[in-house]
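Colleague: Next come the chains, spelled out residue by residue.
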Amino acid sequence: MNCGFTEKISSLIDGELSAVEAREVERHLLSCAQCEEARADFLNLRSQISGFEASLPGEVQNRALAKILSKPAASGARHQWSWNWGYGAVAFASIAIVALIIGLSFYQRPPEEVASKSPVPMASPTATPTPEPESPKPETPPSKESQPQPKPRRTAPVREPKPGEQFATVPRNVQPVVPETTRPADTQTMTALHFERAETLLRAFRNVRLNEPSAAAEVRYERSRAKQLIYQNMMLRREADTSGDVQIASLLDSLEPILLDIANLPDEPDNDTVRVIRERVERKNIVALLQVNSTALARALD
Amino acid sequence: MASQDDEFTMLFQDFYPSLCRFLECLLGGRAPLAQDLAQESFLQLHRTAWGTLPPGEARFWLYRVARNMAINEFRKSHTRYRLFDRVVEAMRPAARNPEQEYETRERKELVLEMLQTLPEDQRTALLLREQEQLSYREIGQVLNVSESKVKVDIFRARAALRERWSKKVRVASAGVS
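Residue numbers (this note's numbering), protein chains in the order written: chain A, 1 to 302; chain B, 1 to 177.
Hints were generated in silico from the structure; no laboratory data involved. Remember, it's a predicted structure, so these values are computed and weren't measured experimentally. Possibly wrong hints are sitting among the right ones.
Pairwise CB distance ranges, derived in the manner of DEER restraints [what the hints assert, rightly or not]: (1) A:Ala298 <-> B:Lys167: 40 to 48 Å; (2) A:Asp272 <-> B:Arg170: 37 to 45 Å; (3) B:Lys149 <-> A:Val98: 53 to 61 Å; (4) A:Ala215 <-> B:Glu106: 51 to 59 Å; (5) B:Gln116 <-> A:Ala33: 30 to 38 Å; (6) A:Asn44 <-> B:Gln116: 16 to 24 Å; (7) B:Val171 <-> A:Glu53: 23 to 31 Å; (8) A:Lys71 <-> B:Ala160: 39 to 47 Å.
Just a few of them, taken from the derived set where beta-carbon distance is under 8 Å, the chain A residues facing chain B [as the list claims (entries may be wrong)]: (9) Asp14; (10) Gln48; (11) Ile49; (12) Phe52; (13) Ala54; (14) Ser55; (15) Gln61; (16) Lys227.
We put the beta carbon where it would ideally sit given N, CA and C, even for glycine.
Just chain A, same shape as in the assembly:
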């Protein structure tokens, strides 16, 4: 019953196919009703599973965090700190012993030899036994002394989830020092910009005259623009799928194969290949849809 492409449909909706494979599958989809149905079913399953909301009262989260932070933390860094104290003690003892031996050897030498060599070795034992000189932790006594205003330990705000709130499913960068570029609030702006760029690209592509000498350069430019837009298109489509924005997701879904086709054009495409893509753009009325949606999104943002 299943067509041989069904497995590839699964990879296609996950954005896991190469541009060439994706193009092949998208072409197949145009002529295979079974696969088109499979794609719709897979996307429907996705929305069912991703729309699942955890039963998580807000107080549970805050209580859990408080409980974890109240436990004697033995995090990697703190382990290191206590270990280093151990190492520091051993190092201090070793250096003291070495200093003692050196001291004794000097004590046994003639006084004139000691006078010529004493300043160099005698300075070392007091300077070396710092347990962790590079550690920036505020808890360590040395850094407390060096920093007159130590940072408070827990300053991050504990967010209270609203009742019924669905938590963001978009994975965020774990590393907090890296500024986030794709916060949900920015997604609309990015989508609007993306639509504008895609619209410009498709209009330009529609106007390329293949018989003119500059056509090859123009096609090369459109091709590189399409390549730039594909990745963003996939990201935004996933985002729209997750947030249940069906209209945007469907528009991005229609746009993707067209971008792929343009991105995969040869250096000097023949008239037929270009005509097929243009017809597809016309048939889907995608330029107008992009225009309408980008305007609507821009208005919503205003």
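Given the coordinates of chain A, work out where chain B should sit on it, guided by the hints.
Modeller: Just chain B now, kept in the frame of chain A:
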């Protein structure tokens, strides 16, 4: 620069809800147990691995540990926990909008019921893909399997769910007519 605890708090706020959801789906809807295991996973992270993992690795580490804990739970007796969880669920205060709550619950139960029919590895791979949006490579990293296995598992999971879903729809429509 934020202190270790601040960074940990931020990670917790970001991923605790996701981890609870992942575990709840994996465990067939046992929400209180999912919350406990999510807390335990974070506790382990805080006590053993925090500060030693490369940036960005903590999330994968959490999913790996949480999944192992869930597998341990599968091995234990199910009935006792299920009964306990249902009692806890029943004791919860009523929702503000009962109709909406009913629909949400129906939908949740359907999703959970369907997910429970899948083998554990397929279910985990599919959840990490659909809910957490991890790539095949990242899922392979969490589950310690190859990307090609992840691809096949996800496809099989989808194909199986699709078939069951259409059967359900057929049965429902036969019931109506």
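Colleague: Does each hint fit the structure? Answer for all of them.
Modeller: Hint check:
One distance hint, 40 to 48 Å for the beta-carbon pair Ala298 (chain A) and Lys167 (chain B), holds here, with the actual separation near 45 Å. Checked against the hint of 37 to 45 Å, the pair Asp272 (chain A) and Arg170 (chain B) passes, with Cβ atoms roughly 44 Å apart. In this structure the supplied range 53 to 61 Å holds for Lys149 (chain B) paired with Val98 (chain A), their Cβ-Cβ distance being about 57 Å. Evaluation of the 51 to 59 Å hint for Ala215 (chain A) and Glu106 (chain B) yields a pass: the beta carbon distance comes to about 58 Å.
One distance hint, 30 to 38 Å for the beta-carbon pair Gln116 (chain B) and Ala33 (chain A), holds here, with the actual separation near 31 Å. Under the hint 16 to 24 Å, the C-beta atoms of Asn44 (chain A) and Gln116 (chain B), about 19 Å apart, fit the expected range. For Val171 (chain B) and Glu53 (chain A), the hinted distance range of 23 to 31 Å is satisfied, since their beta carbons lie about 26 Å from each other. Checked against the hint of 39 to 47 Å, the pair Lys71 (chain A) and Ala160 (chain B) passes, with Cβ atoms roughly 41 Å apart.
Given the 8 Å rule on beta carbons, the hint for Asp14 (chain A) holds: about 6 Å separates it from the nearest Cβ of chain B. Interface hint at Gln48 (chain A): satisfied, since its Cβ lies 5 Å from the closest Cβ of chain B, which is below the 8 Å cut-off. Hint status for Ile49 (chain A): holds, given a least beta-carbon distance of 4 Å to chain B, under 8 Å. Interface hint at Phe52 (chain A): satisfied, since its Cβ lies 5 Å from the closest Cβ of chain B, which is below the 8 Å cut-off.
Interface hint status for Ala54 (chain A): upheld, as the beta-carbon distance to the closest one in chain B is roughly 4 Å, under 8 Å. At a threshold of 8 Å, the smallest CB-CB gap from Ser55 (chain A) to chain B is about 4 Å, leaving the interface hint in force. Satisfaction of the interface hint for Gln61 (chain A) is found here, the shortest Cβ-Cβ separation to chain B being roughly 6 Å, below the 8 Å cut-off. Interface hint at Lys227 (chain A): violated, since its Cβ lies 19 Å from the closest Cβ of chain B, which is beyond the 8 Å cut-off.
Checked against the numbered hints given earlier, this structure breaks only hint 16.
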